[in-house]
Amino acid sequence: MDRVKRQRPAAERRRGPGERTAGGTTVIAESAWLTVFVCVGCGLGGGWLITLLAGWLTALPWAPLQGPAELITSVPEPGLTLGGITVGGLLGLLVGFLAVHEALTVAVHAERVVLTVRDSDQEFTADRIALAVRDGRQLVLLDPDGREHARERSGLSWRQVAEAFRAHGYAWADEDPYREDFRRWVPGTPGLPEGADALLIARAEARKKDDSADAHELRRELNRLGVAVRDEGRRQYWRTPRRS
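Numbering (the numbering used here), first residue to last: 271 to 514.
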């Protein structure tokens, strides 16, 4: 499948920050440079604050972390401050690149919708999408029976996302109409399709290890079984279509 980003013609017209139209497709994406810039800025500030905190701790005999604080302040100035800022900036740069890699891009066309995360595309034809939904900080695509096709965390402008779906003829909702159907999952919960309980156990383990890629893939497997999953903290909640 061709990536949506390769579909941008030379006549591409920018509509707003992070939003473009190309050949009838509206693409909403976070600014990679802005994300990295913000993370680097926070890292620089954090590195500088750590040097100040270390100096403050060494002046208080009763304060914890005296050993690490004395080690940090043993570096003479200006090396201490410059070193702290440099380390903070590099960490911010790393976090920025990771954030860009994890960011969601949404491409909306009258005939299809493509969601891109971690360089992986999910494409859905228009006839499979009965409703696009904002559920907290997640974008959800539902079919006519209420089954979830996708649930992706989004840092995009919800106004832009809603306008893009509506402009291309899709129904949009600002909250999940099936939210009250979700039940908390515990191992051995009755009513789940065969194999779903094992997938939820595996997904719980993946989330404990902060393995977001594995948890994401397990969610897709559950969607194929007709089980929608939403998270609240470390807890998993599930539902099946009302018509199933």
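What the hints contain is simulated information worked out from the structure, not anything from laboratory work. A quick note: this is a predicted structure, and the numbers were derived from the prediction, not measured. Note that CB positions come from ideal geometry on N, CA and C, so glycine has one too. Be a bit skeptical, because a hint or two may be false.
Label pairs and their in silico Cβ distance ranges [claimed, not checked]:
| no. | residue 1 | residue 2 | range |
| --- | --- | --- | --- |
| 1 | Asp-389 | Glu-491 | 38 to 46 Å |
| 2 | Arg-512 | Gly-337 | 23 to 31 Å |
| 3 | Pro-460 | Glu-502 | 16 to 24 Å |
| 4 | Gly-294 | Lys-478 | 37 to 45 Å |
Do the hints match the structure? See the list:
Distance hint for Asp-389 and Glu-491: a CB-CB separation of about 20 Å, inconsistent with the stated range 38 to 46 Å. Range check, Arg-512 to Gly-337: Cβ separation about 59 Å, and the 23 to 31 Å hint is violated. As the Cβ distance of Pro-460 to Glu-502 is approximately 21 Å, the hint placing it in 16 to 24 Å holds. Checked against the hint of 37 to 45 Å, the C-beta distance between Gly-294 and Lys-478 comes to roughly 43 Å, which is consistent with it.
Checked against the numbered hints listed earlier, the structure breaks hints 1 and 2; every other hint is satisfied.
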